[in-house]
Amino acid sequence: MTLLTFRFAPSPNGELHLGHAYSALLNQQMAAQAGGRLLLRIEDIDIARCTPEFEAGILRDLEWLGLHWEQPVRRQSEHFAEYRAVLDRLIAEELVYPAFMSRAEIRAFIAETGGRDWPHDPDGVPLYPPLDKALPARERKRRVAENLPFAWRLDVEAAARVSTRLTWTEFTDETMTSTRTVEAMPRDWGDVIVARRDVPTSYHLAVVLDDALQDISHVVRGQDLYSATGVQRLLQELLGLPAPRYFHHRLILGPDGRKLSKSLKDTGLAALRQAGMSPREIRRLVGL
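Here the sequence shown is numbered in the numbering used here, starting from 7 and rising by one per residue.
Hints in this document: simulated from the structure, not taken from any laboratory. As the structure is a computational prediction, the values presented were derived from the model and not from experiment. Be aware that a few hints might be false.
Said to hold, decoys possible - Just the calculated beta-carbon pair ranges, DEER-fashion:
hint : residue 1 : residue 2 : range
1    : G246      : R113      : 35 to 45 Å
2    : P261      : W70       : 48 to 58 Å
3    : G72       : H126      : 35 to 45 Å
4    : R81       : V131      : 24 to 34 Å
5    : T181      : Q77       : 27 to 37 Å
6    : A114      : V168      : 46 to 56 Å
7    : W70       : I97       : 36 to 46 Å
All residues carry an ideal CB built from backbone N, CA and C; glycine is no exception.
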């Protein structure tokens, strides 16, 4: 019998806060209830912002909380060659294209053409304009050869043509006793970035490959990533990767009702620990 496998996957670009504590502890609780495994993954593809110091702090916080995970820990920064191989496959199948527009150029184009009516993705970001997708192959190669900055973007319309109707299985609560089928809507995101010139992957591409390579059966993460699952289901379909089951849990919000943030040092675990709070009090604070 195959064991169910869960994972907690923080990025070492800041300190963990109460929201991370809830997600980590919930993954451990659900894995234990299912008699399954819990893995820890360090998602550190952002080499400019992720640091060893932040990673060390994450490990200290998780150990203090009483989290237990299997070894070894997978660090994404150690697997760029694997992501590059998958990216090369998407390039060869003409499912991605180099996108050269800067943020300023995107804003200017939208202001001149679509204005306030320009479509936005679920995070409120304007969808990428179609100009680069229409470039002739010779012009693309010239710009790449001249080392112009670019990112690899998924041609979501081309990708949707080669994939079937996409759905995912979503658990309705922490007990995992019932599920529902959710239709994936990857077009809502437009042509998302799947890699950059200097980093051969993005969050979306790395996470689907990691989940497959680590045999992740259940992805338990915050509601803020619910819509992003549609993009990841599309990539799983394109690459022939298995789809885990999902549970997008409630978010732990600040006193003002907004989502907690690393950048604002909201309810940081290190600060709470230094203030004398215990792991049991943390569990009670997040509702576990």
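Hint-by-hint comparison with the structure:
no. : hint                       : result
1   : G246 with R113: 35 to 45 Å : holds, 37 Å
2   : P261 with W70: 48 to 58 Å  : violated, 24 Å
3   : G72 with H126: 35 to 45 Å  : holds, 41 Å
4   : R81 with V131: 24 to 34 Å  : holds, 28 Å
5   : T181 with Q77: 27 to 37 Å  : holds, 29 Å
6   : A114 with V168: 46 to 56 Å : violated, 33 Å
7   : W70 with I97: 36 to 46 Å   : holds, 44 Å
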